[in-house]
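Protein chains: 2
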Amino acid sequence: MKAIIISIGNEITSGHTLNTNASWLAKELESIGIISDKIVTIRDNVKTLVDEIRAAVKSFDVVLTTGGLGSTSDDVTKLALVKAFKTRLVRDKKVLTEVMNYYKKINRPMAPVNKQQADVPEGFEVIRNSWGTSPCLGFQGEGFLLYSLPGVPYEMKNIMSHEILKRLQRISPKLGIIRSTMKTIGIGESDLFTLIDNSGGIGSPVEIAYLPHLGQVDLRLTSIDKKTTSARARLNAARKKLQKVIRPYYFGDDDESIEMAIGKQLRKKKLTLACAESCTGGLFASIITSVPGSSDYFLEGAITYTNKAKVDRLGVTESTLVEHGAVSAQTASEMARGIQNTSGSDIGISSTGIAGPAGGTKDKPVGLIYISLAMGSEVITSKLNFSMDRVRTQERTAKEMMTILWQALVKIP
Amino acid sequence: MKAIIISIGNEITSGHTLNTNASWLAKELESIGIISDKIVTIRDNVKTLVDEIRAAVKSFDVVLTTGGLGSTSDDVTKLALVKAFKTRLVRDKKVLTEVMNYYKKINRPMAPVNKQQADVPEGFEVIRNSWGTSPCLGFQGEGFLLYSLPGVPYEMKNIMSHEILKRLQRISPKLGIIRSTMKTIGIGESDLFTLIDNSGGIGSPVEIAYLPHLGQVDLRLTSIDKKTTSARARLNAARKKLQKVIRPYYFGDDDESIEMAIGKQLRKKKLTLACAESCTGGLFASIITSVPGSSDYFLEGAITYTNKAKVDRLGVTESTLVEHGAVSAQTASEMARGIQNTSGSDIGISSTGIAGPAGGTKDKPVGLIYISLAMGSEVITSKLNFSMDRVRTQERTAKEMMTILWQALVKIP
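Going down the list, the sequences are from chains L and G. Position in the first sequence (first residue = 1) + 22 = the working numbering. Position in the second sequence (first residue = 1) + 22 = the working numbering.
Any given hint could turn out to be false.
If chains are identical, the list can't say which one is meant, so a pair holds when it fits in one copy or spans any two.
What the hints assert, rightly or not - Restricting the straight-line Cα-Cα distance to at most 30 Å, the calculated cross-link-like pairs of lysine-lysine (DSS-like) are:
(1) Lys188 - Lys330
(2) Lys137 - Lys108
(3) Lys115 - Lys137
(4) Lys24 - Lys69
These aren't lab readings, by the way, just hints derived from the structure by calculation.
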């Protein structure tokens, strides 16, 4: 079963926007056994798109288009669908109501041009875009299925994940491709490679890809076999072998993030968390609270940028700030203890450092970071140094706070 | 003058490798006035490639292919060129010497299969690949120029920069292309389109692309003319006209983010900022503090997840929480006022809402958000409703906080 992805937009053909939509779609198709055979990117031009659609439906089982579905002048997809399938646009009352409700909800007046969002090609399935205003359009023809998706990545992904994949799964063959990602933290890529290599590898025809990203290394395992069952058996054998080797670093699989793994640990061990952030400016808290249900264990955070806030909010002593400075092990430690005490949480964690690009000195260079973890009566402080740009240093520090926290949590029986 | 880029490789069609080569090539072509009209990505298959090449040379002035030039079984480009142009492979002695020298240089034995690198289609220009072993192949036909480049990005870029661009420049129409992005916030794509359309457009042959992303719409302007000077003059005229029309929403150009624009305003007007976040969990603060130098105007943030924290840290009254609930206009307003008072900042901004997925009720559904802005003695509260997933809702809310803040700041004389 073969698919083609047609991406529409001058931004992509000109090279100014990377075609990440097509890559994402190809991987999603592969996960249900449909091979993406061709990706075509064209400019916002009705005639070109008509030609592409006509050619595509002749040679492919699945045709996906992205982009050009809005109601501005560069949106050409609906016009092309109408021409390619010799139909006409009709106003869909349900979509019109949804578009009007959307504007009510976000509390903005609706421009008349938006009514056009409700004009759909006659004979097409209209699939609701719950995160935007342009619905997805589907058409089942002789030997092919076509879906026109919006170009805004999160809208497209939402519709694809919740609606289109289900429809495609009904017609897809059952190919034996099984993938699984094992996620590690607190170990670098080459050390992880050496660790696995020294253990004798996984001893099975399963492919491992090392995917490092900012303080974390994911291991993507791919097992391909004629049957799903045998591919899965091979993958499971490889996973079992790996689990033993990478145990101290392995926190979860696939879509599980380190913040989710931390949430699981806190919930399991009935512990609450609060944080005091200086150089990370709220980033640690925002990642922790991105997890649904985090209000069960996360109590509060203090982003104490000024010295005054460190004193007022956390009870850091003036003498510590004068003697050691705001970026010091002593201040980090008092911050962690301070947020633990004032919030009444079981665990307090803090960050203080120089994210840069300015503010560094010879003794305390840009990238110098202290992280403290207060747990029960203990406070452990780590000193780190990252030489990256401001945002990377903040991200790397927040990841390190999570690493330290997760490693401490798993040690609790 | 129009170009097509044909990218060859299963790893690209499957989505596991992003097609960064095509984007890079498109931008390079644009810089010498050649418009990349289409990008096609296909699998390693001779027949498919032959069809694509035959179709391409009929419709385009410039045809570039990348990938498939090596000497392993999945390298199909030379076979396809031979078929498409009805020629044959001949061994090129100069290339053979170069390949042998290359292996001497890197001090590795040369596998016999590498001799095939020196087999080139008869009648083609052979362009040396000084960073690898597969030479680039060029063909000048009736009304078209074709170049087959290697797929390894640095080899491809090296040959393109030093050899192919020179050749293409000789035939390119010497066009001047100038781009600029104007960024807006607080207005949707279609409303912005209507606004600009109603004003009579930009009255100049400058292309506008609308690039919406989560509460923000960027306008990318492209001006193409025979000379760079006239292209720039046209672009500047369009910008001037647009500036008047979109003024209430226009916050910056190109790489300037809304958080940078807010920083500029705060600095210019000598104002300080503090925030009290509930549903955004520190995201607003983390975005504000991602800007270098933000410690000059950002004092502190309180992430008050629990009611206790709202009372203890911000002075939200128990009676407000009991009567109206934590997610209410009253609580939002007391939070903004509270952080303004306790931090001593000029401006306090707050968020409270139900980010979901759980926690919604009939009266207060998931996605219900209140944002309050305390500035001097005034507090203004906005009610919003987003029905997206947790992270999108948090991101959209943080963006809305920035919109409200920026709009208030620009009004201050």
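Taking the hints in turn, this is what the structure says about them:
1. Taking CA atoms no more than 30 Å apart as the test, lysine 188 paired with lysine 330 passes in neither setting, with 55 Å inside one copy and 44 Å between copies.
2. Within a single copy, lysine 137 and lysine 108 get their C-alpha atoms as close as 22 Å, which meets the 30 Å cut-off; across copies the closest is 54 Å, which misses it.
3. In the homo-oligomer, the alpha carbons of lysine 115 and lysine 137 lie at most 30 Å apart inside one protomer (10 Å), although the nearest pairing across protomers, at 67 Å, exceeds that limit.
4. In this assembly of identical chains, the alpha carbons of lysine 24 and lysine 69 lie at most 30 Å apart whether taken from the same copy (24 Å) or from different copies (16 Å).
In summary, the structure is inconsistent with hint 1 from the numbered list given earlier, while agreeing with all the others.
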